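Protein chains: 4
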Amino acid sequence: MKDTQSQRDERGIAIDRVGVSGVRWPIVVWDRQFEKQGTTATFKLAVALPSEFKGTHMSRFIEALNEYRGEVTFKTLPRLVAELRTRLTASSAVVEVRFPYFVEKRAPVTNAVGRMDFDCWFRASGGESGDTFQMGITVPVTSLCPCSKAISDYGAHSQRGYVTIEVRPTKSDDNGVMLIWFEELIQIAGEAASCPVYPILKREDERYVTMHAYDKPAFVEDIVRDCAVSLQRDGRVSWFKVNVENHESIHNHAAFAEVEWQR
Amino acid sequence: MKDTQSQRDERGIAIDRVGVSGVRWPIVVWDRQFEKQGTTATFKLAVALPSEFKGTHMSRFIEALNEYRGEVTFKTLPRLVAELRTRLTASSAVVEVRFPYFVEKRAPVTNAVGRMDFDCWFRASGGESGDTFQMGITVPVTSLCPCSKAISDYGAHSQRGYVTIEVRPTKSDDNGVMLIWFEELIQIAGEAASCPVYPILKREDERYVTMHAYDKPAFVEDIVRDCAVSLQRDGRVSWFKVNVENHESIHNHAAFAEVEWQR
Amino acid sequence: MKDTQSQRDERGIAIDRVGVSGVRWPIVVWDRQFEKQGTTATFKLAVALPSEFKGTHMSRFIEALNEYRGEVTFKTLPRLVAELRTRLTASSAVVEVRFPYFVEKRAPVTNAVGRMDFDCWFRASGGESGDTFQMGITVPVTSLCPCSKAISDYGAHSQRGYVTIEVRPTKSDDNGVMLIWFEELIQIAGEAASCPVYPILKREDERYVTMHAYDKPAFVEDIVRDCAVSLQRDGRVSWFKVNVENHESIHNHAAFAEVEWQR
Amino acid sequence: MKDTQSQRDERGIAIDRVGVSGVRWPIVVWDRQFEKQGTTATFKLAVALPSEFKGTHMSRFIEALNEYRGEVTFKTLPRLVAELRTRLTASSAVVEVRFPYFVEKRAPVTNAVGRMDFDCWFRASGGESGDTFQMGITVPVTSLCPCSKAISDYGAHSQRGYVTIEVRPTKSDDNGVMLIWFEELIQIAGEAASCPVYPILKREDERYVTMHAYDKPAFVEDIVRDCAVSLQRDGRVSWFKVNVENHESIHNHAAFAEVEWQR
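Residue numbers (the working numbering), protein chains in the order written: chain V, 212 to 474; chain H, 212 to 474; chain L, 212 to 474; chain U, 212 to 474.
The hints are simulated quantities; they were obtained by calculation from the structure and are not laboratory data. Certain hints may be false.
Treat identical chains as interchangeable: a pair holds within one or across any two.
[Said to hold, decoys possible] Here are the simulated PhoX-like cross-link-like pairs (lysine-lysine), alpha carbons at most 20 Å apart as the crow flies: (1) Lys-247 with Lys-286; (2) Lys-247 with Lys-316; (3) Lys-265 with Lys-413; (4) Lys-427 with Lys-213; (5) Lys-427 with Lys-265; (6) Lys-413 with Lys-316; (7) Lys-382 with Lys-265; (8) Lys-382 with Lys-452; (9) Lys-413 with Lys-213; (10) Lys-265 with Lys-213; (11) Lys-382 with Lys-286.
Here the structure is a predicted model, which means the values were calculated and not measured.
Make the full structure from the sequences, and use the hints.
Listed below in structure tokens is the structure:
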């Protein structure tokens, strides 16, 4: 049967990334509280294609994914990247995977317990110029406006904000990267904001978070800076990008702030 | 050339609605302040298909839309519906159209002016059992939690909420329906909430809306009820459905309330 | 501490549904191949609120969800509905839950295996007028246009279509409803379409699905009707709604058809 | 009244971008056929904030937008950028604006006319290191699989694909950039694909596009390369990124290819 993809291409255009996207797949990730967590992911898998080949073999991406039966972590994703390079005879490959991650979280006063969901992702690439690994999370938080508090006789508008932290961990001795838990990034975001958000709050808890947020007003600028300060202090972080977006309760648009940094 | 669609079908299944969706098109709608407003819409157009016909002629929907050069209003949409019935020899037809609608709005103290956007829609249908017309809008608002205020020594969490109002206007004498402006529904939603939201607020305005919201705490239950009371009082409204959804600033989920009513 | 929600309301407006939405939570569902499947869900939970109460207690929805540790099935969801009615002293309650569901699927010729994802949902309600249960799924399929094939010397345009089937199962002897597997609805949709879609296809498989689709052209009207015929024949189905939407490869809009039916 | 934003910040973190996002606003853009076109846009506006200032004044972004009454083009956006730098005393500013753009398009045989919608965007920035301008468009196309055609006795699967072209125009003599029309990028994408897509096709047209696509099979790799070749030849293009994404009709995931290039 004819192998169209393997034909020669004469246009002289090398392709940076070719592959599949929107591939949904159940996965298992590491969980700081409970060791492992099953969740559902969306994958993007790609390789570089030299200018002389007409096409790549798309089915091999799914084959590789299907055979990859272990956890999806900073330890194992580089192996999937290497597997793609081999299987598709490619000089470089990249894997991106996004998934909801759940953390059991207790209310601050009553200890009422529930699950909080966070959008998380990993990105691993490998090629002749070396390997890279990146992780990211969006953490919903409460923000309370310092200006509104300062200029009003009472009250201050608050809203839900989203703190997105992306980090590249520092290289570790074993040729991989250092472990950073999503739970650590969640804590950094929650402490930078006016208050963390919770899955369940009884009245005693609601009183607590209301006054806690009022006592700690924060602009998007403040939240992004406090996150930046925390991440700069952490030797395991070699690069980060933090974006904070407030869904302003007094407007129909968002306010945002963004900082990128390299050690 | 063979007309596959006009062939006879033997399965005995009449189709309730068949047509096109996701059709984006520039339109003109009525504007209370400035008479007319150009905007961009997404259309769904459909007809009923009797069991004996294999298919409908999809290109005729776009032809009808293309020839329909006027405004999109409660007056003209029923004509497009009638046109579809004729052109596609259908016993009934329906048109749904969604678009952002812009209103020039002034800040409450400084009068600083900007545009506010609202998601709006019309739905018109016509058939042997008569015509129907429905309009809807989603109005962003500020809501401030009465419980949070009552139990806290200071502060109260607020957030952006979305008030979605759908109404069927009462039949008018001229065989159509009575005119209801989007601006009237916006006002109903804003008055039911803790505070309307604004495109632009200077510091004096921010102080005003902060204290206004604190002075008028409202649950989703309160907002949906106040909208219901206003709409019931309005003789031009023969049916409504109101949904209020708060993007809680202390949780990562929403609170909502819904009321449907028929005169 | 003041219980604002329990205060008396004088507006005379009963609320049809009040509760929480957008609650993401890990769940376990029944799996025809592997018995059980862990996945991630989004819940909407609500109760009716009589006109005399000011508000409902939103935290109780999450408490009920947190204590509900078993599988999410047609057997257990009615129990969560009953639990909500008790816990919130409500005359009626409703639970909607949406989740990706994964099926291991083999390529038609080579048997190459992969996972296919489907958007699925359950809706259970309970009240004085009885209980209802509904399930739904969106099945991606290949559709090939009969008109395009009939009028062209060679070729025929094909595209991805989405078959959405919602059913209410017939009441069973044990006071519940009859079991219908998602896999059965997937099969109905795949057989009605020009061809099912697959997670992985080697060249031999691609040849097979290409010619299979060409041999079985189908309009959205055909697909919706074939699904309707299959569902009407199945005594376990007391009601259904089928929507077929083709993301036309020759247009930038979709074609759709819809049939609703009650036994 | 206290100006919280103007207070001194001691954390030593400069903010790369701070501003507003999700601002919907009606705009006018240049139209090659009809000179001008009204449409609806979503803006993101931001400035850099030095480490010593606590916050920016968000309302000034909307004031600037409100006063900016002209067209949104490669000529005028740099002026809005400059205005933001002045108004917010910022060393750099950036404006991103996304909008649907409509083109009147005729069917290839019957000349039946309709509107096609395209997602378009501009991005303009200005700072001490100079100005940049970038434009982008997503063009829906038909793609027909060369492998499927080569290995099958008849037929070949086709699907809707999306060609996203982003370009930075070459600097012009008048200190701005050279004019590139969206219509030119639409043509490049349509010629690279198996066939352009159309708003309206009568049967003669459908026959034409079916056979045209069958005669010109193209992988995502082919489409991205043909676009790259066309753009490299055009002296007005100093940089481009092309992404092609096929919504495979035989899978539930997409295939994609991506090339970035700098003159």
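Outcome of the hint check:
no.	hint	verdict
1	Lys-247 with Lys-286	within (14 Å within a copy, 28 Å between copies)
2	Lys-247 with Lys-316	within (16 Å within a copy, 26 Å between copies)
3	Lys-265 with Lys-413	between (61 Å within a copy, 18 Å between copies)
4	Lys-427 with Lys-213	between (67 Å within a copy, 17 Å between copies)
5	Lys-427 with Lys-265	between (58 Å within a copy, 15 Å between copies)
6	Lys-413 with Lys-316	within (13 Å within a copy, 38 Å between copies)
7	Lys-382 with Lys-265	neither (36 Å within a copy, 34 Å between copies)
8	Lys-382 with Lys-452	within (18 Å within a copy, 31 Å between copies)
9	Lys-413 with Lys-213	between (66 Å within a copy, 12 Å between copies)
10	Lys-265 with Lys-213	within (13 Å within a copy, 38 Å between copies)
11	Lys-382 with Lys-286	within (12 Å within a copy, 46 Å between copies)
When held up to the earlier numbered hints, the structure conflicts with hint 7 and nothing else.
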